[in-house]
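Colleague: Starting from the known structure of chain A, arrange chains B, C and D on it as the hints suggest.
Protein chains in written order, with our numbering: chain A, 2 to 320; chain B, 2 to 320; chain C, 2 to 320; chain D, 2 to 320.
Careful: at least some of the hints might be erroneous.
Since the list gives no way to pick one copy over another, a pair counts as held whenever it fits inside one copy or between any two copies.
In silico lysine-lysine, DSSO-like type, Cα no more than 27 Å apart, as pairs [claimed, not checked]: (1) 98 to 288; (2) 136 to 179; (3) 98 to 159; (4) 159 to 30; (5) 288 to 30; (6) 288 to 117; (7) 11 to 30; (8) 179 to 159.
These are calculated hints, taken from the structure and not from any lab test.
Protein chains: 4
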Amino acid sequence: MTQLLDASTKGVYTISATPFTDAGDIDWKSVDSLIEFYLQCGVHGLTILGMMGEAQKLGDEESAALTRHYLRRVDGRVPVIVGVSNPGTTNLVKLGKIAMDAGACGVMIAPLNGLKTESQIIAYFGDVIARLGDKIPVVYQDYPQSTQADISAQSVLKIVDTHSSVVMFKHEDCPGLKKLSQLRDACNGTTRRYISILVGNGGLYVPQELHRGADGIMTGFAYPEMLVSVCALFQAGRSDQAEDLFDVYLPLIRHEQQPGFGLAVRKEILRRRGAIQSAAVRPPGPKLDANDIAELDRLLARLEARLNRDVDGRRLAVA
Amino acid sequence: MTQLLDASTKGVYTISATPFTDAGDIDWKSVDSLIEFYLQCGVHGLTILGMMGEAQKLGDEESAALTRHYLRRVDGRVPVIVGVSNPGTTNLVKLGKIAMDAGACGVMIAPLNGLKTESQIIAYFGDVIARLGDKIPVVYQDYPQSTQADISAQSVLKIVDTHSSVVMFKHEDCPGLKKLSQLRDACNGTTRRYISILVGNGGLYVPQELHRGADGIMTGFAYPEMLVSVCALFQAGRSDQAEDLFDVYLPLIRHEQQPGFGLAVRKEILRRRGAIQSAAVRPPGPKLDANDIAELDRLLARLEARLNRDVDGRRLAVA
Amino acid sequence: MTQLLDASTKGVYTISATPFTDAGDIDWKSVDSLIEFYLQCGVHGLTILGMMGEAQKLGDEESAALTRHYLRRVDGRVPVIVGVSNPGTTNLVKLGKIAMDAGACGVMIAPLNGLKTESQIIAYFGDVIARLGDKIPVVYQDYPQSTQADISAQSVLKIVDTHSSVVMFKHEDCPGLKKLSQLRDACNGTTRRYISILVGNGGLYVPQELHRGADGIMTGFAYPEMLVSVCALFQAGRSDQAEDLFDVYLPLIRHEQQPGFGLAVRKEILRRRGAIQSAAVRPPGPKLDANDIAELDRLLARLEARLNRDVDGRRLAVA
Amino acid sequence: MTQLLDASTKGVYTISATPFTDAGDIDWKSVDSLIEFYLQCGVHGLTILGMMGEAQKLGDEESAALTRHYLRRVDGRVPVIVGVSNPGTTNLVKLGKIAMDAGACGVMIAPLNGLKTESQIIAYFGDVIARLGDKIPVVYQDYPQSTQADISAQSVLKIVDTHSSVVMFKHEDCPGLKKLSQLRDACNGTTRRYISILVGNGGLYVPQELHRGADGIMTGFAYPEMLVSVCALFQAGRSDQAEDLFDVYLPLIRHEQQPGFGLAVRKEILRRRGAIQSAAVRPPGPKLDANDIAELDRLLARLEARLNRDVDGRRLAVA
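For reference, chain A alone in the conformation it holds in the complex:
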């Protein structure tokens, strides 16, 4: 039986890319190899059909088929969260049930694009969860840069207090460090129930966020093994060493985190690392030109040199 997501979740949940062939179809073989790649990186969980997974460019049947295939292939080795955000609640609920039936540990939902007030967001989650049922664990995805639906810590707490099924908060507002601290302080397990907080934003502020009490990381950065090490070092109390390691990758993290464009960079790196066959992004989507490729070559060469120098040179011992 599938383990359901709960508030004790920690670690790295990588947001999975959706591999396509150059012709634009889902590349099922690459889905399989990508799963193995992520698992070899040591991730604690996976999230599919996020924005980085190009979910909004998949058809309903593709989404359902990918969900079922992915979960069958992962086969319980790690928990899998499925993003189900949809302009229509009917379709959101439909995919949510398909996902849970296929063995997902929970669903991730962002507030509807264009909700204008916090009251509207609270009402929206109330309506969605009423239709979804309160047994399905829900991740609140807070990514206002994309949804335009901003929420304060106080209103997140109202949702947490009303809906016991909301067990995780995916933090990627920016600037958002203050909100993260407010939520961590409020949902401390004593004065209010604990919730898991995983951080996104391409990982750009991971050390700061872990210091502020985040439980882990949910992003699509193409070197998940580094994030796994950073989390482990933090948990072991070696936060300076964790941040040293993180900083080695920071030039690339910053590069990948460019909104929109970053997706093409990530897929290209995953391709170079052998995780997928083609770096194709479904249209409309970014493409790398010769300048972009040369720039990426340079960044990756610098990363490698730095890893050789610092990590092999024992300055940075990966956990």
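Modeller: Just chains B, C and D now, kept in the frame of chain A:
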């Protein structure tokens, strides 16, 4: 064989609602009765799967099924345009081909939500039309209040000059009267090929727009027969009489045109007029409360009284 | 001594234009004639330095000089509200004090452009009122179409409950009728203190808003005498007659209410009515071209004909 | 006589903070010490009244007084650009002339907040430059994250081709590297006149941008001496060494670059470095709480340790 949409199109193309049962399923019987209602109103064409048709809340299969059913039922009595806008170009093209195979006269496409520059919009249409093929007639839907993708007359002209399949411009920028005049002057059939311009915005500026050279109206206003009469009177050179008639309905037009909320009002009026069985809107969507209903009752009673007084009293002779 | 604004305020507070010479300077003689024009229309109050007053295009000294001149000239005949919204709180407070010293009855403040959550808006008003002092009557201007700062009824109530100096709500969210009803029901003078609600949105929904309990109208429509009559008829219980009169002007109201563009139309009408010398709008701002002028001519001729026919013909007796 | 800004400009133009006392007044003594601080860092020029300078929170007289004081104090030691963006063109031009009279080398202008199409932006610059005169050197500030006014490379080129006074492009669109390359390729001094391109975005992509042909950096990062070194190393052909140095500061650059929040961080660092007396930001504005301070302490301690280790340890030789 289906007649394809071309630049000579004139008249009223009503944007069709999508009727649902109270349980939220497509109400196929109401689809049929709604079609007959529209045809009895004398509309010159129909547009399905527009925003007012709640297209974004339908699943792929529902969209395809509705398209096929609708076209079979209309059975060539008037041309039908199908809205195919989609975050993913693959799905856009797929639905476009389904629509044309089913007998649609053309497709309507809005620029992708969030395109930020006119150059990006031009490139987007270039890419979409390349994939769609240049044989499928395209309506450019200019509704920046919803898409956030603003375009100037100059850039519309670039698209018109590049893509001969773009034969119609659905005007609903607001304020947009100046842009309408610019396009009409430029696409005059002499210095540049003519394109058909139909106007939306809930019909709020119809007399002004017809004076500026619009060829017709594409909106979901719940009294399409009035719009048909207004167009006919205008074409007959009786523009003052047309505007007199329009002004009788203006209080209701203004009321229906409230973004978002108006959809619920329209469906309620369609229900009262016997066109559909239920006024249900799929969630997330507006609902009418007791105040809203009382307000609508008052507006409709005033409309009826006014029609009895002015129209029956011969002040306004409908064509 | 100046009468301060309080929650019992009713009637029509016209938002004053700021007259400029063709060269772009404040036209002081037209300021004087405009004041007399408004007063002859029977308005109950005036609001200066609103968005329609091009406040954001005036320099600090111009704003201060206009405020002082205007108040001296009105000389207590009606109360005057001064818009003091400003990106910097220091300047907001400075102008607020200048206004009150010059005899204003209160200040109008919109939430800072770009505040993203209701919590931020509440905090912003808390900070502003703390600096302004709690003796200065405040009008909350709710115009999210311009400020992008959306607020729910619940959060307005928090501001009302916290700050006794907030005595008026300027309603111009759209669609916003439901919010208006919520606020009216909540601030009913029994379970919570009463606040005055004046409505804007160019007056587009005045009859509906008065039915829902609005206390009056604050907009810049160029025929304030009609709004005065509509309010009087409503208060006299003759709401149908009020709406008949309103509907006569509705084609023009709708035309003036086009965001941005409407300002140029209003100034042109004020010029034609002899209230100001030049219709000049400071750049950047809209200008009327030949099409716009012809369109306006037609609308005004139709209005005049309609008034002759219906009002003189006794169908519409103005109070 | 003042040297005017021209297209050959290279190097680091720091965007100056505006120092305030804790009470919120301009702190003139700190203005003086801040100027000396920047000059000792070796900057090639300065920009005042940018967004980081809290320009929109200054009154007109304060802006004028600060401009005159600043220029008198710099006294020609480096060129000074003055940001003059303003919702009203009259005030924009007025400040522009004050600035040039006081000895500025040019003015920086962002497109008006909320211009919706590239055509509108082009028209806006046409109008502004017509009023400003074509003798005043203009920097186009491309910061759509704040202005919401997006422009493509093609439209920037139209402005460059029309207005010879536009000699510099301040690049801070994000993602914007492709646009930077397009502009650099187009304005190459051969097929089209050269323009200077300085980059902003808090400096987050400086090495990538210099590789793509940027001429320098215009940002408010609190360690300008590093940016000076990076530019010098790049110009000397030692780009790897430049990037090594940059990467040491990258954790802090990333931290400062958080929109809005970063201003408070920068002022706090400037205070710690002795450049200004108080880190006060005028309201509305961010404040650092205890978590923020502890976080900054940690980041600065890590920076210092890293500099001691790598730079003193000869791995990174600053030019």
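Colleague: Each hint should be assessed against the structure and marked as holding or not.
Modeller: Hint check:
1. In the homo-oligomer, the alpha carbons of residue 98 and residue 288 lie at most 27 Å apart only across protomers (26 Å), although the nearest pairing inside one protomer, at 34 Å, exceeds that limit.
2. For the homomeric pair residue 136 and residue 179, neither the shortest alpha-carbon distance inside one copy (31 Å) nor that between copies (33 Å) is at most 27 Å.
3. For a Cα distance limit of 27 Å, the shortest separation of residue 98 from residue 159 inside one copy, 25 Å, qualifies, whereas the shortest one across copies, 39 Å, does not.
4. Taking CA atoms no more than 27 Å apart as the test, residue 159 paired with residue 30 passes in neither setting, with 43 Å inside one copy and 42 Å between copies.
5. Proximity of residue 288 to residue 30 under the C-alpha cut-off of 27 Å is restricted to the intra-copy arrangement: shortest distance 22 Å within a copy versus 46 Å between copies.
6. In this assembly of identical chains, residue 288 and residue 117 lie within 27 Å of each other by CA distance solely across copies; the values are 17 Å between and 32 Å within a copy.
7. In this assembly of identical chains, the alpha carbons of residue 11 and residue 30 never lie at most 27 Å apart, being 29 Å within a copy and 51 Å across copies at closest.
8. For the homomeric pair residue 179 and residue 159, the shortest alpha-carbon distances inside one copy (18 Å) and between copies (23 Å) are both at most 27 Å.
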